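**Q** Here are the chains, one letter per residue:
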Amino acid sequence: MPPLFPATVALYGIACALFFAHLYGPYYSPYYSPQHSPQHSPQQGQRQQAATGVSSLARIALALAFASHAVDIGWLCTKGMHPVVDAKEALSFFSWLLCGAYLVLSSRYRLAAIGVVLVPMTLVLDLAARLSPGNGARSAVSLLAIVHITLASLGVALFAVAACGAVLYLVEERNLKQHRAGRLFRRGPALETLDTLNRRATAVGFTLFTVALITGAVWLLQTPGGDGLLSAQYLLSSVAWLVYAGLIAARIGVGFRGRRAAVLTVAGALTAVAVLVVYLVRGGRGA
Amino acid sequence: MASLCIVGLSHRTAPVDVREKLAVPSDQLEHTLRRLTELPGVREAMIVSTCNRVEVYAAVDHADAPELVRRTLIEGRALPSTLRAHLYSHEGQAALRHLFRVTSSLDSMVVGESQILGQVKEAYALAVDVGTIGSLLQRCLPRAFQLAKRVRTETDIARSSASVASAAVDLAAQIFGELQGRSVLVVGAGKMGNLSARHLRAAGVDRLCVVNRTRARADELAARLGGIAYDLAQLDRLLAEVDIVICSTGASEPVLRRDQMRKVMRARRGRWLFIIDIAVPRDVEPEVGAIENVYLYDVDALDNVVRSNLDGRSKEAGRAEEMVVGEVDRFHAAERTQGVVPTIKALRARFHDVAIAEVERMAGKAATDKERELLRQLAESIVNKLLHEPTVALKREAAEADAAMLVEAVSRLYRLPATDEEPAVARVVPLRPRSSEGES
Chain A
16 MPPLFPATVA
26 LYGIACALFF
36 AHLYGPYYSP
46 YYSPQHSPQH
56 SPQQGQRQQA
66 ATGVSSLARI
76 ALALAFASHA
86 VDIGWLCTKG
96 MHPVVDAKEA
106 LSFFSWLLCG
116 AYLVLSSRYR
126 LAAIGVVLVP
136 MTLVLDLAAR
146 LSPGNGARSA
156 VSLLAIVHIT
166 LASLGVALFA
176 VAACGAVLYL
186 VEERNLKQHR
196 AGRLFRRGPA
206 LETLDTLNRR
216 ATAVGFTLFT
226 VALITGAVWL
236 LQTPGGDGLL
246 SAQYLLSSVA
256 WLVYAGLIAA
266 RIGVGFRGRR
276 AAVLTVAGAL
286 TAVAVLVVYL
296 VRGGRGA
Chain B
112 MASLCIVGLS
122 HRTAPVDVRE
132 KLAVPSDQLE
142 HTLRRLTELP
152 GVREAMIVST
162 CNRVEVYAAV
172 DHADAPELVR
182 RTLIEGRALP
192 STLRAHLYSH
202 EGQAALRHLF
212 RVTSSLDSMV
222 VGESQILGQV
232 KEAYALAVDV
242 GTIGSLLQRC
252 LPRAFQLAKR
262 VRTETDIARS
272 SASVASAAVD
282 LAAQIFGELQ
292 GRSVLVVGAG
302 KMGNLSARHL
312 RAAGVDRLCV
322 VNRTRARADE
332 LAARLGGIAY
342 DLAQLDRLLA
352 EVDIVICSTG
362 ASEPVLRRDQ
372 MRKVMRARRG
382 RWLFIIDIAV
392 PRDVEPEVGA
402 IENVYLYDVD
412 ALDNVVRSNL
422 DGRSKEAGRA
432 EEMVVGEVDR
442 FHAAERTQGV
452 VPTIKALRAR
462 FHDVAIAEVE
472 RMAGKAATDK
482 ERELLRQLAE
492 SIVNKLLHEP
502 TVALKREAAE
512 ADAAMLVEAV
522 SRLYRLPATD
532 EEPAVARVVP
542 LRPRSSEGES
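Residue numbers (our numbering), protein chains in the order written: chain A, 16 to 302; chain B, 112 to 551.
Source of the hints: derived by calculation from the structure; they are not laboratory data.
Bear in mind the structure is a predicted one, so any value in this text is a computation, not a measurement.
Watch out, some of these pointers could steer you wrong.
Derived pair list, reagent style SDA-like, types lysine to any residue, alpha-carbon separation capped at 25 Å [what the hints assert, rightly or not]: (1) K496(B) x F442(B); (2) K374(B) x G268(A); (3) K374(B) x M96(A); (4) K192(A) x K496(B); (5) K132(B) x R369(B).
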């Protein structure tokens, strides 16, 4: 068990609680400004400050959890339990990347509502990785494998963040169409922000995933035995790549955006996550 | 004696598609008012027609009058009789309470908003101009305006008023995020549309375009809002450019149609478009809301959002409701007291006449003018002293309960002449609304 694991879990837990507190806190108009909206009560300003404070604290707790998690992963690598050869380490590594991707993106966009889904997911994945039996492999790994696994995991993590944003978009969009102002209306990011997040996360994730697919192909061809490029994992990866390629082409070509883009993002992410699941089930044997 | 009666519908009983059918266009208000007061049993009338309510306030002295008003509103305007299901009517004390609640903004879509008071004042001023206001409405309405003012100053009901306009800003921000760099198109010159445009402008919207059927009106509005006026012919081009559209025209037919908006959305390459339709009848075909990436909000849809913004308001609304109930009681007590005034006047006249006649008979020609004046004063003083207790008793009885029996007894005891005289009323003075902000 890595030395900082209890601290990591505790910090993830605190971040989760703070994100929930932010979502279920008292109402305030996120766009309140005393100069622009004198019609709002003075309470609005106080609530806005309180909510912003809770959201900042949540991000600080998450950043500390991320750092603590990084120390654990580094410590395990020094012990030879590398994500490339151990499926449970791969799972923990993926959850750490997911957290990192969220931290980077949330510094730019108001994504506390996504944190409510994504941070518990990170915590559950890390716990699952730590509490499941591993293969205990301690072997030297090739640079190609490290590059492939790292890029593929980071790409899928970005797809996962984009998919969370896409799901949020679909929920918010339905609420707006049906004229319902629920809690997400009060706390969720704007539709256009979610679409921008989706576009950027998908674009970066797609680039990384493309390189991962190429390195994976080379790695597979170098590895004796197995199904090579016809393996279920590689075929699934290709399908996910095609979905995202289609999405990006449609965005650039015909101004594809909004609901349809969100649906395709979720479909692509499900395929990409399926690749990860197959990888984990097979115990981290190649791309 | 006439009693107050209200027949109408509001956002509480009818959706916008029903309200827009029953709305009385401003150019037909005078005609409708005259028709209402020509009905048997309807002595006075006033019409409040806003995007959230269509109500006739009438003084009636016949039990069939409310039904006649209903007929005039529905069948008289060739509207389907199914609309009757949405109509309500209040009479007597319930009607007065409703009036007080409406002017105090307790019955508003946005509880605590100030626009309804201005709208009722406008309706009252118009009815005064047309000459359909009489003594009853003239006593009720100013009282309602005073109460509304008191409610606004003595409770916090208006302070946290989450208006439709600010809900529009919140929704725009929910779709677009930051509003800096966004553009708004205002179609029509409705007051609520202007208010929403001003709120959006204040929230950071950069470009504001105004289109109106009358170019001069568009120029005037653009100057006031700090925007640019365009010809109506450029509407489609502007729709393809802007992010937010506010419609508040007085048109009876939709201004934006589904097929037109489909073409516009193709030209926009699917960019999000937020349409606020505050007009009643609506300016935008409801099917436009089904187009992808178009978010259409009419007054009822905005109502949903506004309601969810209301918190901590119920306590203040409760206080305001108590004020309304107190005012209704006071008004009725005052009205009943007014009811015995003719009897008191007749009683005093009878006593006065007897006393003066006796003074004249006893003094004859022997007394000097000075002595006669002294005797007259003495007689009047005795009459006043004798009548003080009965006068107070009559007024007290009238304020606390029905004084009809006592009035009858006094009239029979002293053989007072029968009187149909209405309580004294002051000259009718039209009240001009101070606020220029109306809903639509």
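**Q** For each hint, tell me whether it holds in the structure or not.
**A** Results for each hint:
{"no.": "1", "hint": "K496(B) x F442(B)", "result": "violated (29 Å)"}
{"no.": "2", "hint": "K374(B) x G268(A)", "result": "holds (19 Å)"}
{"no.": "3", "hint": "K374(B) x M96(A)", "result": "violated (59 Å)"}
{"no.": "4", "hint": "K192(A) x K496(B)", "result": "violated (75 Å)"}
{"no.": "5", "hint": "K132(B) x R369(B)", "result": "holds (21 Å)"}
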